[in-house]
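*Asks:* Generate the whole structure from the sequences, applying the supplied hints.
If you're matching them up, the sequences are chains A and B in order.
Numbering (UniProt numbering) for the first sequence: 1 to 906.
Numbering (UniProt numbering) for the second sequence: 1 to 450.
Think of the hints as simulated: they come from the structure by calculation, not from any bench.
The beta-carbon is built from N, C-alpha and C at its ideal position, and this holds for glycine as well.
Any given hint could be a false lead.
[Said to hold, decoys possible] For each label pair, taking beta carbons as the anchor points, the in silico distance ranges come out as:
| hint | chain 1 | residue 1 | chain 2 | residue 2 | range |
| --- | --- | --- | --- | --- | --- |
| 1 | A | A392 | B | G413 | 22 to 32 Å |
| 2 | A | T77 | B | G413 | 56 to 66 Å |
| 3 | B | V411 | A | A415 | 44 to 54 Å |
[Claimed, not checked] Non-contacting residues of chain A with respect to chain B, defined by C-beta distances greater than 10 Å in every case (computed):
| hint | residue |
| --- | --- |
| 4 | A79 |
| 5 | G113 |
| 6 | K273 |
| 7 | T276 |
| 8 | A295 |
| 9 | R493 |
| 10 | Q618 |
| 11 | P657 |
| 12 | I787 |
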Amino acid sequence: MNLFGRRPAGPLDWPALQDLLKDGKFAATVEALRDLDEEQRAVLGKELVALRRQADTWFNEKVATAYAVAAVGCASTAAKAVTVITRHGWPWSVLQSAPVLRAAADRDVPWLGELADRLAERLPRDVVFHAWRFTADLVLAAGVPVPTGERFVDGWLLSLQVSLRETTMLDVLRTSPFTDLLLPPAFERDGIAASISVWDAPTRTYDSGPGILLAVAALVGEGRYPRDSMLDRCLDALLGGRPNAVSHGFVRFHDALAPTGPEIAARTMIYLKLLTDAMGSVATMAQKVLKTADADGALELESLLDASRTVLGRSEKGLVKAQLIWLEKLAKRLPARAAEIAEVVAVATDHPDVQARDRAAAFLARHGSAPDPLGAARDVEPDLLPGQVAAADMPDPIGSPDELAEEVAALGQAAWNMVPVERILAALVRLHATDPHSLRAALAPVMQRVDGQLGTDWWSSEAHRSAAALFTAALNKGSGLPFTLAEATRVLRGTPADIRVGNPYMKLHGVLMTRLAEVVVRLSTEPVPALVATPTQVNGLIDPAALVERLARAEREGWEPWRRDLRQALYRLPLDVDGDALRQARTLRSESGRMLVEWLEAGGAGRPEVRVVRVHRQSAERGRHLEWLPESRFYGASAPAVGSGLDPYHLTDLTPPPVVNADLGSHGWAALWPSVLPAQREVVAACLLPLIASAADLDNARGDARLLPLLAELTGPAGAATCTAVAYGLAAAQADERIAALDALIAIGGLDGFDGGELGAQLARLAGAKLVVLSRTVSQLEEAARIAPAMTWRVAAGALAGLLPAEHAGRVPGPATARSTATARSTTAARSTTAARSTAAGRADTGGPVRTTPRGLPDLLTLASAAAAASGSRGEVAGLAELAARTGSTRLVVEARRLHRTLTAG
Amino acid sequence: MTNAVQSLSYLAPSALRDGGLQLQTAGGVAQRAATANPRFFTGFLTTPAAASAGLLAVAEVARTRYFQPLSPASLDPVVTGSRDRLRFESFSGCCGVYARLDVLPAGLDGEIVDHGTTNVDVNTPLRQALQRLVGADPLHVSVGPDDLTVSTMDGAVVEKKVPLPARWLRGFAEVQVIASGFDPRAELSAADATAFLRRLPAANDRAVLWAVPAGRSLRLTSRPAPGAVCLPGPGRLAALKPVLRFAKRLRVYGPALTTASGPVSSTWELDTGELRLSLTLSPQPSRGFSGEGAVLAALAGDDVVDDAELISTLLAWDPTVDVDALAEQAVMPAARVRAALTQLGTAGQVGFDVSEAAYFHRVLPYDAERAERHNPRLVGARTLVETGAVSLDPTGATVRSGEEVYRVRAVDGGLHCTCAWWAKYRGGRGPCKHALATELARVGAVEVAR
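*Replies:* Below, the structure is given as structure tokens:
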């Protein structure tokens, strides 16, 4: 370049071309290349191909186009041109095709078609429109056969949607030069059924539908494509098991094609295949089409009956019902064949859907071959519940510093739970007292890798972060790394209840934190060779004999266990301790020993009274958004055992908040709460209730019902709080959390003293007040009924007793307080529902607005019938007889009659 | 390692015509005739509707990526002609699902003319024709070109070029070794199986579920337990659906579990009496079988490789491999035969049939062994050893990798590590590269000592 920035006259050299390219002067590049001869082009081409891609360079439209111009103008082969083009922008940058084609024309490039083919092969998987358009322009300019590869087809389908603002899909298809060639392969691609929204001016709405297919149908209507082959393609696509959305698109296409009688008659076998094999909505479409064919006499009875056998085994209720109705009509029309038809209908008598069974049975009864009446001859199925299972033993203690290091490294990888945390704490304290040097050497490299937020996420609440920080501090101290002492000292000064004022349910967390703080502070100042509160069972319990032995060892070796560690150990003792352990404990002479004896003699923390109370949402004030909170929620309230029991931390004293307050944040450490108080299931349930309820009654499901199986593993009675927690869990928004709740139900369902009616009553209270979705719980109870029909029947009966009376009174079940002393309730007899009725009757009814039937109530009735039949239960449910006596044939009434029949049969 | 490309040339496209089903083959090995287009079977399928649904299911798995669904890969299934049965196998593009259709002797009426393994062409018109297939009359089928196709070869050859990623190859071979540790866990009637599969949560296909036998059926549970099976990514069982209505039983196989188990793989098998269709799922939808490291767990010594070579010469396309008979023939203990079979499994020389609980002879028509040698973890371990990062000591080793220090320690014959990878899987995916490096360094140290 000279002083004035102009190129000197004469042929273009490589540095000058490079400048043009860098500046994106594609038009100038076209000009500069025009008059070069092949020799000059070859020189430049060699340099161009050798040019490496600059890392992290984004090519704007001009630069990318300039490189493509140079590639076409200089490269010696199509392959080399592709190298240059893909190295400098394509497929992600926008390229202008006109200058490139101009340069190609100037040079009269013989391999332009090959270039187009090669680019078409290299289109990205998620096709980019601009890349496709550039490629398509080359294809058209070169006049080569149109590529039919799937990516080129995908690009074409995408391009059809680009210019819809100005024109209609029909016009786009009419004018696209590719339509005839690419339409057949396009039927293989899901993009052809893409849902396209089009602004419809007259109605002022967006119209969405499979725009491309509907336009194709219009072209078929114009006679541009033969109907037969298009209909076949459509049916092939429907048979192909494509994704649901695609199949829906093809169903619309099928409707738009509107096959005629003869067209359908020629394809009945395919429609029958769709009816038996395709997804629900497609099968429904095929059913309708076949019915018209049948009406026209175009369907062979044998084929229809053959297909019906399969259809009646399908799970879609509507499809099965329609098929049964069809067969019923058929039997009326062809009385001579009724026996054959009845034989097929018999398939539906053991359909999972009870309505289908009823319909089939009614049909068979009319045609003389009635099967045995519903459930009459069924054997009573026993409950397969595990009952009280002793919790598994803790794994062996961690042996070496290396093993400890491995466990610490693994901490963040699995769900947070008690077992590794307790094993690590135990090993940390022991090794720090016995082998601090090896401990430091092994732990330091690992602690440098893990971050300080063990068991928490970025959205975790403050309390959970603090626990993590304390745990990290303890491990850092053992590793000889810097750590913070201040927080630990602060926590140690207070009591567990101080940890978080205002939320009594964090008390268990407080116990965890004080114990962690104690480890941080005492690790060096008062080293002990062992912790005494390490559980012996995975649910957190400590075998009393093991604790006696630990304290005896401390006496022998002359050290005193840490105070908070000992407190935790005591809280982890079972409530019922045999005399042997107490006798052994009395031989201890130390202060710790004395505390243990005192604890055992007092019966631990005793048997507190736990209730569940309904708390309402604060009325909105000063623009605060409270609508995301549930209207009300059930909280646990606990009063310490009167006259007996020791509870230095006041863990059994829980007062519910005055208004609903949702605890936000993750609950990583909440998985450890049950192990803090493993002998008091009800108190733990009360503490976990807000977390479990949040999984069911908040829209975005911030809670965690997966804690329920931990609750089920604890000991102590399963009363109102546990039942409410399980009831919330069964209605959780997430499927996996509902499954966890079912696990818990099965675990506690077989316990002595578990009252299914109580759980049912809690469910009714939640569902009646519309705090949870009843239908979610029904699907879990159906699963439970397969394993334990009698237990499930009691739950269902309890729920019905709470919900059915309201169907008559037209009122919402009022706020209620269910009391369950923590002493075990007597089990209701298997065949009676007296407990359930008394719970419902004892409830205060304060009235409310006229109610609507909760969704899922008919399903609950169906489930109750099945469970009652399977378990051979008889009896009464409050409000059932009245409902069954109503006239009408709504599902609610039909199902109520069924249950009433079942309960009063024989 | 750069990805290989497989080029196949079929003499004609597979097709379903009036004359029956003609499946075209290319590549692989055959016992009797050394040909590029082996011919294994001519005769009838006794249950054509079920067989075509099964064949479509196998082809569907081959074209699907269950994880990060992008456009389907299009690798052809592989067919093996054993002494009395045909086995069609495929492996999904995401390396997470292995499908096999066994056409049992009851499902075949005809002559198995040769034994071996080859690729079988499945094309769009064939799929559509199979979809449309109805009727219960036996269907004529030929696997391999018939004389007519050979004689009228007019150059209309079907050429297919497909990339063969190394991880795909490795996974295809390794899934056999993983399945060899499975036991039957549950057996459901067709009705119970249909109901169970229908109850599976539809959303969230990436979830890992567990199922325990409960009564006549299975019940989903939130946690692993002894006797349970893992169901990772339940959506991946979709390919079973079309065959469900022909099935008499659903059997489920998996490894033994404890309450502390992590996600593991499992096999779900539909049995119609004449056919068996099985799907084997990787432990998580995001985990391909390629990374499971089953072979790395027993880092092959030279003697195992020698044994494997000897055993491979004795395999004779039996439908199941009899370990005791092989041990007798080869004059070596059964345990060594089993180790050799594991080695052959990862080399793609044998497959594992969970319902027979036995290996079967099948030579993948790809170079799977080469892929295994280039296992990224093994390559990483070799680098560590070569750079002197491993210092051995009596209890294990200290491995320095860059700034980081890892402790590898010996536990009950295995090696544990403090790295994040080991922490995540705890042995569920074979040894980590530090443990492998320690193993290599130990072998090296022994050799130096000699």
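*Asks:* Confirm or reject each hint.
*Replies:* Okay, the hints, checked on the actual structure:
Between A392 of chain A and G413 of chain B the beta carbons are some 25 Å apart, a value that agrees with the proposed interval 22 to 32 Å. The given range of 56 to 66 Å is respected by T77 of chain A and G413 of chain B, whose C-beta atoms sit roughly 59 Å from each other. For the hinted restraint 44 to 54 Å between V411 of chain B and A415 of chain A, the CB-CB distance of approximately 23 Å leaves it violated. The Cβ of A79 of chain A lies farther than 10 Å from every Cβ of chain B, with a closest approach of about 16 Å, so its non-interface assignment holds.
With a closest Cβ-Cβ approach of about 20 Å to chain B, G113 of chain A is found to remain outside the 10 Å limit, as its non-interface label requires. Distance to chain B contradicts K273 of chain A as a non-interface residue, since its nearest Cβ pair spans about 6 Å, not more than 10 Å. Its beta-carbon lying about 7 Å from the closest one in chain B, T276 of chain A breaks the requirement of being farther than 10 Å from that chain. For A295 of chain A, the shortest C-beta to C-beta distance to chain B comes to about 22 Å, beyond the 10 Å cut-off, and the non-interface label holds.
The non-interface label for R493 of chain A is consistent with chain B: the shortest C-beta to C-beta separation is roughly 35 Å, beyond 10 Å. Remark: the non-interface label on Q618 of chain A is consistent with the geometry, its nearest Cβ contact in chain B lying 34 Å away (cut-off 10 Å). No beta-carbon of chain B comes within 10 Å of the beta-carbon of P657 of chain A; the shortest separation is about 29 Å. Non-interface status of I787 of chain A relative to chain B is broken: a Cβ of that chain comes within 10 Å, the nearest being about 5 Å off.
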